[in-house]
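Trainee: So the chains spell out like this:
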Amino acid sequence: MKKVIMMFLMLAASLSASAQTGLKINDLFEGRIISQEKMVETRVRGKTLAKYQLTYYRSVRLVVAKEEAERLLQLVEADGKDHFATGSDRSQKTVFGKEHSITFKTQVRKQGEKNCFLCYQAHWRGNTTEREVTVIYMEGSVRSLEQLEELLKN
Amino acid sequence: MNNLLRIRTLTDKFFDGDTTPKEEQELYDFYRQDDIPEDLRSNRELFRDLAALGSLTPSVHYPPSTIHHPLSTYRHRWWIAAAAVVLVLLIGGATLYHHQRTDECVAYIYGERVTDRDVVLSEMQKTMTAMTADGSDVVEEQLKAMFGD
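For the protein sequence lines, the chains are A and B, in the order given. Counting the first sequence from 1 gives a position; the numbering used here is that position plus 1. Counting the second sequence from 1 gives a position; the numbering used here is that position plus 7.
FYI, nobody ran anything at the bench for these hints, they're computed from the structure. One thing to keep in mind: the hints can contain errors.
[To be verified] Beyond 10 angstroms from chain A on every Cβ pair, some chain B residues (computed): (1) R13; (2) L17; (3) T18; (4) T26; (5) K29; (6) E45; (7) R51; (8) E52; (9) L53; (10) I116.
[Unchecked claim] According to the in silico footprint, chain B covers these stretches of chain A (three or more CB under 8 angstroms from chain B): (11) 41-47; (12) 56-62.
Beta carbons are placed, not taken as given, at the ideal position from N, Cα and C, and that holds for glycine.
Let the sequences and hints guide you as you build the complete structure.
Mentor: Below you can see the structure in the form of structure tokens.
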């Protein structure tokens, strides 16, 4: 009977698991780092995403202190290292001496035909200590973020 | 002492459905006693009932294959449990498959649920474009679009 109960529990756990389960940044998506009332979350799944060769899209956007933004970047980078780290890309840009941004993009998983990507961007102006952070998790058959970029342009 | 150990082992074996008729008879004989260790006492009624059922067997001699044995009852229970698990797995799998294929289009803007497809998709597209192009002024545009400033 214990085996039966265990199987039920495992089934329940697998049904409740979200797509980005297992990633350190999942805590941010689930509101365990910063309250969900302080962020803008977008979740899209299904045929709407077909033109981008994606099946699932989830993003959060929020304003945090510089230290918190760096902590979130560390989580995303750790997920890149822990999983499918090839092709990770980090860039820092300053535009017109006022606009700044740090971007990190990585593929975190590959399950058969399905690829999973994680992107992070922090943006700020001048010397402010606040950062506007966006984190995106995406799944789909799109082979790379470069290919996705091409699809977005078309 | 050794006998008690054997009884405990046989009891476990019985609940796993692995006992032979002879071993089951041994259990019935044991549980018929009044002096039973406390940890086994909870099984006493069950085994007494099963033993009583066995004694009700008619004098007519049925072929062994037609006799409904308590052991087979437990095996049946396991088959029913296994069938239930398979059924739940099938339903769960179908639900999961359906859930993954179902369209979802929702945004939570500072805790407020938004299901307006245009707003959600606009937000998504801008965010994706900003990320892929490293655009720096798109976030402000997104906020303006979102809140109508």
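Trainee: Against each hint, give a clear statement of whether it holds in the structure.
Mentor: These are the hints, each one checked on the structure:
1. R13: holds (23 angstroms)
2. L17: Non-interface label stands for L17 of chain B: nearest chain A Cβ at 19 angstroms, farther than 10 angstroms.
3. T18: holds (15 angstroms)
4. T26: holds (17 angstroms)
5. K29: holds (26 angstroms)
6. E45: It holds; E45 of chain B is separated from chain A by about 22 angstroms at its closest Cβ, greater than 10 angstroms.
7. R51: holds (20 angstroms)
8. E52: Nearest chain A Cβ is 19 angstroms from E52 of chain B, so the label holds.
9. L53: The claim stands: L53 of chain B keeps its Cβ more than 10 angstroms from every Cβ of chain A (closest is about 15 angstroms).
10. I116: violated (5 angstroms)
11. 41-47: holds (count 7)
12. 56-62: holds (count 4)
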